[in-house]
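Student: So the chains spell out like this:
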Amino acid sequence: MTTPSRVAVRRRAEHGLDLLNGFIAAVQTGFGAFVPVYLSGLAWTQVQIGLVLSAQTLASMAFQIPGGALVDATHRRRSLLAAAVAATGLSAAILAALPFRLPVLLALVMQAAAGAVLGPGIAALSLSLVGQRRLGERLGRNARYASIGSALGAAVMGGCATVLSERAVFILAALLALPALWALRHGAARRRQGEQDVVAPPTEPAVSPLVLLRDRRVLAFVACVLMFHLSSAAILAVAAPELTRVSGTRAGLVIAAFIIVPQIVVAWLSPLVGRLAERIGRRPLLLVGWASLPARAILFAVVGNPVALVPVQVLEGVASAAFGVLLPLVAADLTRGTGRYNLCMGILGLAGATGAALSTTLAGTVAEFWGRTASFGVLATLGLAATLLVLAAMPETRPAAAA
Amino acid sequence: MTGPARTRGWSSGLAVMLAAIVAAPAPAAAGPPAAAAQAQAAPVQAAPVQAAPVQAAPVQAAPPPATAPEDLISLPAGAGFTVLGRTLEDKTGQDIGRLVDILANPAGQPLAAVVDVGGFLGVGTRRIAVEWAGLHFTADAAGPHIVVELDGDAIIAAPEYHNDQPAQILRAPHAAGP
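Sequences listed follow chains B and L, in order.
Taken in order, the first sequence gives residues 2 to 404; the numbers are from this note's numbering.
Taken in order, the second sequence gives residues 526 to 703; the numbers are from this note's numbering.
What the hints contain is simulated information worked out from the structure, not anything from laboratory work.
Just to be clear, a hint being listed does not mean it is correct.
Stated by the list, open to error - Some, not all, of what chain B presents toward chain L, calculated at C-beta under 7 Å:
| id | residue |
| --- | --- |
| 1 | A34 |
| 2 | R246 |
| 3 | T366 |
Bear in mind the structure is a predicted one, so any value in this text is a computation, not a measurement.
Glycine residues also receive a C-beta, built at the ideal position from the N, C-alpha and C atoms.
Generate the whole structure from the sequences, applying the supplied hints.
Tutor: Written as structure tokens, this is what we have:
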């Protein structure tokens with residue numbers, strides 16, 4: 002039984018969580034896109050920039066599992082998340098104020114660590130706010146607001162970079178951490194009373210991590226996540242230079258469209274994916290999401306006109322919406338009652354990051370020796386294999402609960 | 526309830542640190558990289574340019590032997606500017622990319638500038654090489670400019686430059702006169 006005030010509290014908490022997703026996504030967009038541009042403008046050589054970016058990627062991968070385990074184990078989840086948000090803002094401030102090799106390296110590593118905590122942390126917050134049954138829709142909302150925040154953040158930061166300077170982008174990113182902290186205050190509700198929290202509280206002993214790794218379903222999902230990124234992460238990287246060449250001075254607009262279209266689709270579709278995941282199950286949506294990967298790769302191989310390819314990016318939006326909602330949802334299904342939800346998220350995050358890194362290396366090598374079409378062919382084949390893997394190895398994980 | 530108070534504490538701490546860091550002087554930050562880039566990019570210098578003491582230079586325990594005045598070349602302010610990282614403009618004045626590297630022949634003469642062109646927020650950029658003699662260096666009230674007298678589309682469509690392969694350098698109209 003919920004009293005009106007309890008409903009109001011929860012609604013405020015849900016709005017807080019929405020805004021938290023938006024602001025965090027906006028801050029992290031600054032780190033993703035503007036760092037190389039910013040450092041180039043400060044006469045950093047390409048080798049130096051490549052080194053710090055590689056260090057950031059490696060740190061991000063290394064922190065995935067420890068970050069997840071930390072969120073699982075901590076008693077003070079809210080403080081941990083607040084620290085992670087503050088650390089992200091601080092990293093942006095360091096980039097703005099001290100653009101030297103060591104501070105930049107430390108700032109990027111710190112941001113990677115914070116990101117590894119924020120991903121699982123926000124999912125855990127969502128779970129403790131709405132419970133297992135409404136988790137799908139809540140995660141859909143998370144993905145929607147993250148997408149909106151990211152797109153708006155990119156637009157505002159792009160404007161900042163043009164009108165002011167690239168340094169202003171990082172000052173803005175740092176300042177955005179403050180509303181994110183405010184949103185966290187509202188969004189991090191306390192554990193719901195009177196209903197079992199499926200994430201076992203840290204006071205009870207959680208199951209051994211090995212139990213997680215021995216679960217066939219978990220291993221299957223890890224493989225599916227890895228294959229997803231393996232077949233999709235490199236597509237834009239392989240296609241973009243040629244698109245730039247044929248687009249000439251309009252290349253900036255074309256690439257911007259390529260990035261915006263999937264964001265719009267994700268913002269639009271994610272809550273629907275979340276609701277459908279509850280109604281018809283996870284498996285159909287997994288199949289649809291994963292099947293769009295080979296379709297997209299094939300279309301990129303066949304279609305050369307940049308403008309005609311922009312609608313193809315709708316497929317990327319579909320895949321991202323499915324992935325963004327289903328990853329935390331299936332992870333919650335698989336770890337129900339084990340107290341290892343965030344560790345599982347960390348493992349899946351590592352699998353995704355590994356797949357993405359391998360994807361760009363593999364696709365780049367194939368493109369160099371056998372051309373771009375061959376590269377897309379390889380990515381399409383990997384996408385097909387990923388879809389077949391989902392078909393064969395992933396069971397339906399929706400808990401058979403009363404409606 | 527310790528939650529909101531703790532979050533407030535993080536917010537205030539972050540705000541104070543941000544204010545302190547953002548107020549730190551940024552021009553000093555540009556000193557060391559700028560000096561290094563000037564020494565790197567200055568074309569055909571017989572003796573390496575020793576930058577005048579920059580306020581960000583670290584204090585050393587044992588002072589090194591002083592460089593004699595006859596070993597130094599004085600560079601007046603505005604006489605030299607960083608080249609790496611500077612945007613390149615096409616003949617219509619539109620920004621087309623950033624200069625990210627310089628190719629020099631074994632005699633040390635610059636042959637070409639490597640430019641990152643196109644793309645959006647770093648996604649989809651291509652590297653192309655433009656001949657050094659085709660770069661026009663000018664300066665106006667807005668600062669130094671590097672201009673290439675070619676159409677932006679032609680520049681962006683030039684063959685891609687790769688580090689370890691023979692380069693194809695785009696010809697560009699040379700600057701007229703001495």
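Student: Would you mind marking each hint as holding or not holding in the structure?
Tutor: Evaluated hints:
1. A34: holds (4 Å)
2. R246: holds (5 Å)
3. T366: violated (13 Å)
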